[in-house]
Amino acid sequence: MASVAANPRYEGKHHLAHHFDTRRQQFDSHKLAMWLFLVTEVLMFGGLFCAYTIYRASHPEIFLFAHTLLDKNLGAVNTIVLLFSSFTMAWAVRAAMLGERRRLSALLAITLLCGFGFLGIKAVEYNHKWQHGFLWGQHFAYAELQDYLAGHGTDAATGPAPDPAADAHAAAVMAELDLAAAVTVAHGHDPALIPRNVHIFFGIYFVMTGLHGIHVLAGMIVIGWLLRRSLRGDFGTRNYTAVDLGGLYWHLVDLIWIFLFPLLYLIH
Amino acid sequence: MDNAAHRLTGLLPAVCFPFLAQLPDTFWMPSQASTTAREVDVVFYLIYWISVVFFALIVGLMTWFVVRYRRRRPHDAAQPAPAHSTSLEITWTAIPVIVSVLLFIVGFKSYMNMVTPPRGAYEIAVTGQKWNWLFTYPNGHISNELHVPVDRPVLLTMTSEDVIHSLWIPAFRVKMDVVPGRYNRTWFEAHTPGTYPLLCTEYCGVGHADMLTTVTVHPSGRFDTWLEAASNLFDTLPPAEAGALLARRLGCVACHSVDGAGGIGPSFVDLYGSTVATRDGKQLLADENYIRRSIVDPMAELVAGYDPVMPTYAGRIKDQEITGIIAYLKSLSRHAGGDAELETAAPAEPGVPTEVR
Amino acid sequence: MPESDRSHRPLPANRAVFGTTDTDSVHDEPGGGDLHPHPVPLWMLGGVFATLVVLTVLTVAATYVDLGRLNVWVALAIAAVKGTLVAEIFMHLHWDRPFHRIALLAAVAFVALFIGIAMLDRVTYLPDLIPGHAPGVQQ
Amino acid sequence: MNTGAATIADRSNGAAGRPHGENYLNCASGWRSWLFTLDHKRIGVMYLAAILFSFFLGGIFALLVRTELISPGHTIMDADSYNRAFTLHGAIMTFLFIIPGIPAALGNFVLPLLLGAKDVALPRLNLASFHIYAIGAVMAVAAILLGGVDTGWTFYTPYSTTTSGQVVMVTLAVFVLGFSSIFTGINFIVTIHKMRPAGMGWFRMPLMLWALYATAIIQVLATPVLAITVLLLVAERVLGIGVFDPALGGDPVLFQHFFWFYSHPAVYIMILPAMGVISELISTHSRKTIFGYRAIAYSSIAIAVFSFLVWGHHMFVSGQSPLATVIFSALTFSVSIPSAVKVFNWLATMYKGAIKLETPMVYALSFIFLFGIGGLTGLFLATLATDVHLHDSYFVVAHFHYTMMGGVVIAFLAGIFHWWPKMFGRLFSQKWGNIGAVLVFAGFNLTFFSQFVMGSKGMPRRYYSYPPEFEIYHQLSTYGSYLLAVGLFVAAGVLLHSLLAGRRAPANPWGSATLEWQAASPPSHHNFDGPVILTDPYDYSGLVWDAEEQGFVRTAHEEVVR
Ligand code: HEA
Ligand code: HEA
Ligand code: CUA
Ligand SMILES: [Cu+2]
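Chains as they are written, first to last, in this note's numbering: chain A, 1 to 268; chain B, 1001 to 1357; chain C, 2001 to 2139; chain D, 3001 to 3562.
Chain A extracted, bound-state conformation:
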């Protein structure tokens, strides 16, 4: 690890603002502010979770059917990518606290790469939906859905695989719910049995993952900025607040995905 004093910029970078009495007070203030900001993020996503819960509870058949159009595997891989990036970020904070500057830069770079990876995989998924017209609300292509189910029904890689057990389960759920005949549906691939209003699922899916994606992007900008500063040698044992706070933000983005993944991809 390079020595702290080696960098002339370092000394100037941990000053104490005039209105604080101690560095501890300054750090605590910034950290509390960050946590309060995270609170607002939780509530903002809370609105989306509310919309999700409402529609899932009142129209389980839509969710049961529509989620099969998502790619579980890609979702799972993305989860791992994000978890890993959280791990490297947490490690980066540790490195910053210990003044391990080169390691800090490396870890930030890996975290950033994971961000790219996540968005890349997301782009692949979005592209697939776009190709087939599985879009939000108004733009959902029901006609294409019919073709898709008829044609790709057995293509395990891109479409839902036939799963007799799931079919039976879905039928049981439907029977239990005793919904109107119009919405009777099975998990299977008979185009005639598509439930009504599948587009609502995709409206919610795109809003949730889209807003989350924007947060990933924002987090990546923050990490990029941290990386730049870290390469410049700004951080050290007495000055790691920015890394710490940036990390908190990144972890929150991860935390939200931890809930999004099972709720959107793993509906049973």
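Read the hints as simulated data drawn from the structure, not as lab findings. Check each hint, because a few of them may be wrong.
[As the list claims (entries may be wrong)] Ranges of calculated distance between the beta carbons of each label pair, as one might list FRET restraints:
# : chain 1 : residue 1 : chain 2 : residue 2 : range
1 : A       : 127       : B       : 1101      : 31 to 37 Å
2 : D       : 3482      : B       : 1264      : 47 to 53 Å
3 : D       : 3028      : B       : 1307      : 42 to 48 Å
4 : B       : 1300      : D       : 3469      : 42 to 48 Å
[What the hints assert, rightly or not] The calculated lysine to aspartate or glutamate pairs, modelled on EDC-like cross-linking and capped at a C-alpha distance of 20 Å, are:
# : chain 1 : residue 1 : chain 2 : residue 2
5 : B       : 1318      : B       : 1161
6 : A       : 72        : C       : 2066
7 : D       : 3352      : B       : 1089
[Said to hold, decoys possible] So, partial list: chain C residues that the calculated Cβ filter (under 8 Å) puts toward chain D:
#  : residue
8  : 2115
9  : 2118
10 : 2125
Positions of the beta carbon are idealized from the N, C-alpha and C atoms, including for glycine.
Got chain A; can you put chains B, C and D with the ligands on it based on the hints?
Below, chains B, C and D with the ligands without anything else, positioned relative to chain A:
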């Protein structure tokens, strides 16, 4: 507990406001014409007097203190007084709590009556649309004003064609939003024959303030007579007159003027037989078929210069009725080609514009 | 970790309202109130990551077992465990001022309140909705 | 509450180092020194100017609305323009004026001073909050210039997703303004947690701080839900996602849940700081210790928490289920209790006080009167049976003007007059100040009392025209609004006159015991020049009138015997 509260809340209003039995309008309230109205007014005046007492107390004390404890010289100090008093504070927390509980209970009781329609109520379907009301009676008859029998519970099942509206009959003290995609219900039992205003009270656009109509409470026995007469349009009226009525009932005249003035849609005056310029540059003759299509599938040909806001009437209008409307449009048009019989068509129902010639 | 103890030390009587150590203790701090970093040991970070991966696999696996209505709750429970791990270890809540945890829990509680009442309402008025009503979409 | 003085030792920057007469207003000049300042006082002043401008703008729309309603039918504008006018009036008043109002303008100025601190904890965030507010305001004004919106300030779907107009622009402006509000809230919480001087425990804080703290809790917890609501609305309108629009299978009642989950607590974002101001003023101008300090402090927090439990009272007849309706009605009454507690505590504070009818106090008394009516009429709306009849009528319009205009705006004016000498170092004419206050009071009651009557008699709100039997009430209301406008212009004139020609203000003209009055009027750039004496904020015994200063001065605290 339940019982005591029940008796208390049941008795209280009657003791306090015996004069509220049945009133024409008071300083605060319009006249009462339904069973609900009385209940609501009792609650209203209960809260009113409680508020008056609290308000008088607060403002009275405030004024008294200001007068009594005015500071004369800048440095005069306050007189010693305790900085808090637990018993006082508990008192003025407890009293509002009690009052609140009381108000909740009386409000709750009347509300439960208001949302629980009695069995066997007379059902009328209500459709709200920009910007008029359609009331559909069990026999299929549709009217723009609400007509109800006296002394019989009436249940309104309501939905909207476009945005949210809200049906309010002040004299009955009932109100319920009319929401697209769902059925909301409200009920009442009118007890005084007469005609009362019915208003839309959820903001719904340019015509919101004009979305008013009336509710007529028919004296006993007369309602059925009215319904029978009203539903047989084509038996009793020449087609053009029936068409004129229909144009009002179906809400056409909310958008199409019958006096040549502008509006949301083109005026009906001189429409029939004219040449219409469409959005995509076609010139079409407004003949029978064109008008029929405009009603059933308004989006098929859009008139240049107008927004595509006309709802489709497919499924809501019978063939005979379209014929009636066409006859009515002919009667409004110079281009109708000397159809002398139509020119004399005059409206029979009050409110149909008399300029029709 | 001697540093972490500092935030738990008793406060002067007139400040210990709310029973948290959160705010205060800045002015009267003897050492000039310098920072006291608490680096989380690497084995712990690695362990948490490994656990998270295992739990992810478990979530996916759980979808293949039919538990009826329980499935969604199992998934949520696992997600909650994962979230707690992230918050407590990665986000340092475990060593942090308790007020930060209170804030996060409050946020979750208010979200739950919102969802709870909105759900209660929607489920109750569901029968009034026209099933499948969506005239603006060509299905 | 009766503790000895403590000294904040290390706060003195030494008055000696400061040239005589230098203060935060003149210590630097040029527009940059204002627009990019980190000084909470300058940010507060800029906020004050921007917010008063918004009030003026909203007021213009109000007068247009009132003038149109002076007779049924077309008076000065058509229905479409009217709909835009009241929407813009409501939206500007709510989002641009009253939500930032007291916290961002007065709060920013006084909060650090009340703490004896040099600044808020996060000055940059503070400045960012102002810049974001400015962006939001510019967006809102741009939207007005581009044609405005006609949705009502509540943006109910599906009307808002189908109507023409600048809905997207306005809702995005609301989104941006929400961030400004969140930043202020975060800043205040952090400042109150971390910047209290040693010796100022939670229960030795002035009540204004409790009020601002409670407000900030709501800002942080509720505003994000507004953000997501308007984002979803924009997505619904632009993309058609089908969550709120019934034509796409969405649920308009769900939108109302979203909207009111924020917008009900928002009314307490407005009223809580107003109540804080009143608590300070009643005590100061009565020279008497506040009665029931703890009750008032707790009631602020109680209001903040309860405010989240009652949003459905705006939806009693929306198609919300009767079950939820009943629950919400019951919960709604819970907010009334802490409000009632405050009112009674204020009265008890005045008892045996030494009350001086200075202009801020006149406004404060006016507040108790008007908020009393506003709050009590809330009870009619919280009660189920009566709300069914009164919902969406002018009764509701009158209720919320009594709380917002009669409550919050009056308290805001009270606060402006109270802190004016501190902010600008000038005194104003008490006589004309009081005349303005009386005119406002009279005009206000004339404007809005008649609205209660017509509302309960059947006059719906948002009506461009109306049946002739309501004409007399509307005329009274319109004339009242003109009188109200005159009163406000008098008030504005008094303040302007004071800026230009007012007498120099002493450090402590009213004899208040809170810390901001220990700073000079106006304060220096770093707020306090010497050590700050920490005292009980409501103990007036140490303050004596000094005829030479024409203000109050603190005698050495130890020497004062009670
Ligand atoms: C600053 C703003 C503010 C404040 C403080 C309040 C305070 C209250 N409001 Fe108000 N309200 C609004 C702003 C505000 N409101 C707005 C803007 C709307 C309409 C929005 C729209 O639709 O556009 C509205 C609408 C509104 C409704 C919906 C009406 C409808 O649309 O149908 C209801 C219903 O319950 C309600 C109730 C209350 C209650 C119970 C209080 C309570 O907090 C009042 C508490 C105070 C007191 C009770 C007075 C003091 C106490 C005493 C004098 C002692 C005696 C007390 C007792 C015996 C209990 N309000
Ligand atoms: C803070 C909130 C606030 C304030 C202060 C006001 C103030 C006023 N309001 Fe407003 N109003 C709303 C919030 C507010 N309103 C809302 C939310 C709605 C609902 C909108 C909707 O339905 O969507 C509404 C609706 C509304 C309506 C109903 C419209 C309808 O339903 O059709 C009416 C009608 O009379 C009205 C009138 C007025 C009047 C006359 C004032 C007067 O009090 C205004 C007086 C102000 C001035 C005349 C400006 C002069 C200012 C200065 C000179 C600067 C002064 C500076 C200093 C003193 C320093 N308002
Ligand atoms: Cu329909 Cu207002
Ligand atoms: Cu409310």
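Tell me if the beta carbons of residue 127/A and residue 1101/B are separated by a distance inside 31 to 37 Å. 60 Å, violated
Have a go at the residue 2118/C hint: is there a Cβ in chain D nearer than 8 Å to its own Cβ? With a closest approach of 5 Å, the residue 2118/C hint holds.
Taking the CB of residue 3028/D and the CB of residue 1307/B, does the distance hold inside 42 to 48 Å? 55 Å, violated
Taking the beta carbons of residue 3482/D and residue 1264/B, is their distance inside 47 to 53 Å? About 34 Å separates the Cβ atoms of residue 3482/D and residue 1264/B, which means 47 to 53 Å is violated.
Is the interface hint for residue 2115/C satisfied, with its Cβ closer than 8 Å to some Cβ of chain D? Since chain D brings no Cβ nearer than about 10 Å to residue 2115/C, farther than 8 Å, the hint is violated.
Hinted contact residue 2125/C with chain D - closest CB pair below 8 Å: 4 Å, holds
Is the Cα-Cα distance between residue 1318/B and residue 1161/B 20 Å or less? 19 Å, holds
Straight-line Cα separation of residue 72/A and residue 2066/C no greater than 20 Å? 17 Å, holds
Hint says 42 to 48 Å; check whether the CB-CB distance for residue 1300/B and residue 3469/D agrees. 45 Å, holds
Checking one constraint from the list: CA of residue 3352/D to CA of residue 1089/B, max 20 Å. Satisfied? 17 Å, holds
Consistency note: the structure conflicts with the earlier hints numbered 1, 2, 3 and 8.
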